[in-house]
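Spelled out, the chains give:
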Amino acid sequence: MPVYCPGFSARRRSLLKGLGALGVGLSFMSRHSLSAEEKKLNFYNWDTYIGDTTLADFEKATGIAVKMDLFADNDELFAKLKAGNPGYDVIVPTNDNLERMIKANMVMPLDMAKLPNFKNLDAVFQDAAFDPGRKHSVPYLWGTVGIGFRKSKVEGTIDSWKVLFEDPKYAGRLALLDDAKIVIGSALKYIGQSLNSTDPAVLKKVEELLIAGKKNVKVFAKDNGQDLLASGDVDLTMEYNGDILQVMTEDDDLSYVVPTEGAEMWQDCLAIPTGAPRPENAHAFINFIMDPQTEAGIAKTVQYATPNAEAKKLMDKTYLENPAIFPPAEVVAKCEPALYLGEDVTKSRDEVWTRVKAA
Amino acid sequence: MDSWRGNLRVFWTLFTPGTFWLLIFFIIPLAWMFGISFSEKTSITETEFTGTLANYIRSFDAIYLQIIWKSIWISVLATVFCLLLAYPIAFGICFVPVRWKPLLLLLVILPFWINLLIRTYALIAVFRSQGYLNLVLGWVGLGPFEMLYNDGAVIMGLVYVYMPFMVLPLYATIERLDRSYLEASLDLGGSQFQTFWKVTLPLTMPGIITGIILVFIPCLGSFLTPDMLGGANAIMIGNVIERQFKSANDWPFGSALSFLLMYVTFAALALRAYLAARSKGVDV
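Read top to bottom, the protein sequences are chains A and B.
Just so we're aligned, residue 2 is where the first sequence starts under the working numbering, counting upward by one.
Just so we're aligned, residue 2 is where the second sequence starts under the working numbering, counting upward by one.
Derived by calculation from the structure, the hints in this document are not laboratory data.
Heads up, some of the hints might be wrong.
Straight-line alpha carbon distances no greater than 25 Å define the calculated BS3-like cross-link-like pairs of lysine-lysine that follow [said to hold, decoys possible]:
1) LYS170(A) <-> LYS104(A)
2) LYS42(B) <-> LYS83(A)
3) LYS115(A) <-> LYS41(A)
4) LYS104(A) <-> LYS247(B)
5) LYS348(A) <-> LYS223(A)
6) LYS152(A) <-> LYS223(A)
7) LYS83(A) <-> LYS247(B)
8) LYS104(A) <-> LYS42(B)
9) LYS40(A) <-> LYS61(A)
10) LYS247(B) <-> LYS81(A)
11) LYS205(A) <-> LYS247(B)
12) LYS247(B) <-> LYS71(B)
13) LYS301(A) <-> LYS120(A)
14) LYS83(A) <-> LYS41(A)
15) LYS42(B) <-> LYS216(A)
16) LYS68(A) <-> LYS115(A)
17) LYS216(A) <-> LYS205(A)
18) LYS71(B) <-> LYS215(A)
19) LYS199(B) <-> LYS348(A)
20) LYS247(B) <-> LYS223(A)
21) LYS42(B) <-> LYS348(A)
22) LYS215(A) <-> LYS348(A)
23) LYS335(A) <-> LYS313(A)
24) LYS247(B) <-> LYS215(A)
25) LYS348(A) <-> LYS247(B)
26) LYS71(B) <-> LYS223(A)
These numbers were taken from a predicted model, which means no experiment stands behind them.
Kindly produce the complete structure, drawing on both the sequences and the hints.
See the structure below:
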């Protein structure tokens, strides 16, 4: 039985709860032990993003006590580690942020000999475009960014980004995420391009599409699209699947779909930041997470898709057959992870976003 | 009073903490940002001081000037509404029986005890299309009205947040107002209206100007309120700056925009000095 309490569930990107992370100070120093590492580990994670007993089980199994700090978004994680690692051993960056951190030498290469449980992962997750050969990271959980909607307020089947980007039918009743990368990426998928396209002409086309479609948009949701949907302020919203899944458990009239054009498929990964004081413990922890029992416990609590093939065998049907968690295979085939495209592309996309917002 | 030269120990005791504070928490960070605004990014995490003006030139791109202009008029409107609402409130507090004053002043500053983010979420709960206000209006057969997610909502949010900064300086000046001036004006045949325009208003001008500055400046740099309450067009320069320090990872450009905003603020302060000089005789 999944321990899934609706009020306190998988809202890892929730702004309010992220405030909790602000309250958690860093009181530890990086201590380099010469021989054996002391039995401690500092884990920097998203909120509500671990199994109920995972950390306690790990301590029981290895004697290593885990101290978990929380961050609210990738920007916060990046900013905290930008000027040097304040003492974290394991972090959970999302694909493109991870790639940026690899390129900035902010994460360490992994020692695969110490991660025998890696074999439990689904074959497609054993390699990644953003971390070729999985030298620096292992996948933790994954999901999509699609459309959350109110079934009684829409006509026909919702299966295309058109309803958010072009269709005047839902004018004033829809929200987009306030996130340049995701909105531009989704619009690129809609016009049949890769969401990692860097072609200026294509980007220009997306800009025009977004500016023209903006008159239909009620609000660019700051990470609260699911609340806007649940409260009836909007009837359609671009959101992370986990956020919509949470409000779906409270309201049967809500649904989630990944458009047939494809969408961003994000992947949160476990990695060891450069300068981690206890890399041995970090490897032991990452290996422990990839154990099928552990991973199944996590998936049951947070209700995100697991990349662990062995763990899936331990899960029940309601989880495995939920299309909001695992979209149909043909849709997944069209989804892509966002890549880190370099600082210049980040800048030009930010400028596009400024023009769209100000238009 | 003795010259400070005669009491050096006292002077240094009083001078050191404040100066130290100013240096560590204001001058050094600001100087560092000023340096960054003339730097170039050399890698994902590093910047190098090159004396480049590129960040400032980019700040003068039409799109950013347009956003700054929009930030200015939103802040001006918010300040004007603040003043129109706060003046009667401050006046009222000054003229109630003395025992009520502490309670009323407490009510003015009470919202500061709750974090801005929480209060903004509360505003959303009250004003959204199925919020409490529309619920009440529904009972009398009105609405529902779309009150959130437009520029009006941003202005309302700013007025709500910064109102105490307007009320308190106004209260301080109105409280000091010598009531015999008002009586003299009325005795000499001035109407209530004339008394207000020709006596009360000029005498309380210092409080008005202080209040305007205290409200206008933070409004200009706000980013949370437009993010949460604004609609699809809600973008203020604070939002652009925030993005440069977060998702866009462009600290040099963010710093340049911040300094540009600071120059606008200096212009506002210069305006205050000009107005002060004009209203000679009144200590602003």
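Okay, the hints, checked on the actual structure:
Taking the CA atoms of LYS170(A) and LYS104(A), the gap is near 44 Å; set against the 25 Å cutoff, the hint is violated. For the hint pairing LYS42(B) with LYS83(A), the CA-to-CA distance comes to about 14 Å; that is within 25 Å, so the pair holds. Between LYS115(A) and LYS41(A), the direct Cα distance comes to roughly 18 Å. Compliance with the 25 Å bound is thereby established for this hinted pair. A C-alpha spacing of about 18 Å is found between LYS104(A) and LYS247(B), which places the hinted pair at or below 25 Å, so the restraint holds.
For the proposed pair LYS348(A) and LYS223(A), the alpha carbon gap of about 20 Å is at most 25 Å, so the pair holds. Among the hinted pairs, LYS152(A) with LYS223(A) is consistent with the structure: their alpha-carbon atoms are about 23 Å apart, no more than 25 Å. For the hint linking LYS83(A) to LYS247(B), the alpha-carbon distance of about 12 Å falls within 25 Å, and the restraint holds. Among the hinted pairs, LYS104(A) with LYS42(B) is consistent with the structure: their alpha-carbon atoms are about 15 Å apart, no more than 25 Å.
Pair hint LYS40(A) plus LYS61(A) holds up; C-alpha atoms about 12 Å apart against a cutoff of 25 Å. Of the pairs offered as hints, the one joining LYS247(B) and LYS81(A) holds, with about 11 Å between alpha carbons and a cut-off of 25 Å not exceeded. A hinted pair counts as satisfied when its Cα atoms are at most 25 Å apart, and LYS205(A) with LYS247(B) qualifies at roughly 24 Å. Distance hint between LYS247(B) and LYS71(B) is fulfilled; the C-alpha atoms sit about 22 Å from each other, no more than 25 Å.
Restraint check for LYS301(A) and LYS120(A): satisfied, since their Cα atoms lie roughly 21 Å apart, inside the 25 Å limit. Distance check on the hinted pair: LYS83(A) and LYS41(A) sit about 23 Å apart at the alpha-carbon level, within 25 Å; holds. A distance of roughly 36 Å separates the Cα atoms of LYS42(B) and LYS216(A); the hinted pair therefore is violated under the 25 Å criterion. Between LYS68(A) and LYS115(A) the CA atoms are separated by roughly 22 Å; this keeps the pair inside 25 Å, and the hint holds.
Of the pairs offered as hints, the one joining LYS216(A) and LYS205(A) holds, with about 18 Å between alpha carbons and a cut-off of 25 Å not exceeded. For the proposed pair LYS71(B) and LYS215(A), the alpha carbon gap of about 18 Å is at most 25 Å, so the pair holds. As the CA atoms of LYS199(B) and LYS348(A) are separated by approximately 55 Å, the hinted pair breaks the 25 Å bound. Annotation: proposed proximity of LYS247(B) to LYS223(A) holds, straight-line Cα distance about 14 Å (limit 25 Å).
With a C-alpha separation of about 12 Å, the suggested pairing of LYS42(B) with LYS348(A) holds against the 25 Å cut-off. At roughly 21 Å between alpha-carbon atoms, LYS215(A) and LYS348(A) fall within 25 Å of each other, so this suggested pair holds. A distance of roughly 22 Å separates the Cα atoms of LYS335(A) and LYS313(A); the hinted pair therefore holds under the 25 Å criterion. For a cut-off of 25 Å, the pair hint linking LYS247(B) to LYS215(A) stands: about 24 Å separates their Cα positions.
Between LYS348(A) and LYS247(B), the direct Cα distance comes to roughly 12 Å. Compliance with the 25 Å bound is thereby established for this hinted pair. Of the pairs offered as hints, the one joining LYS71(B) and LYS223(A) holds, with about 21 Å between alpha carbons and a cut-off of 25 Å not exceeded.
Hint check: violations occur at hints 1, 15 and 19; the rest are consistent with the structure.
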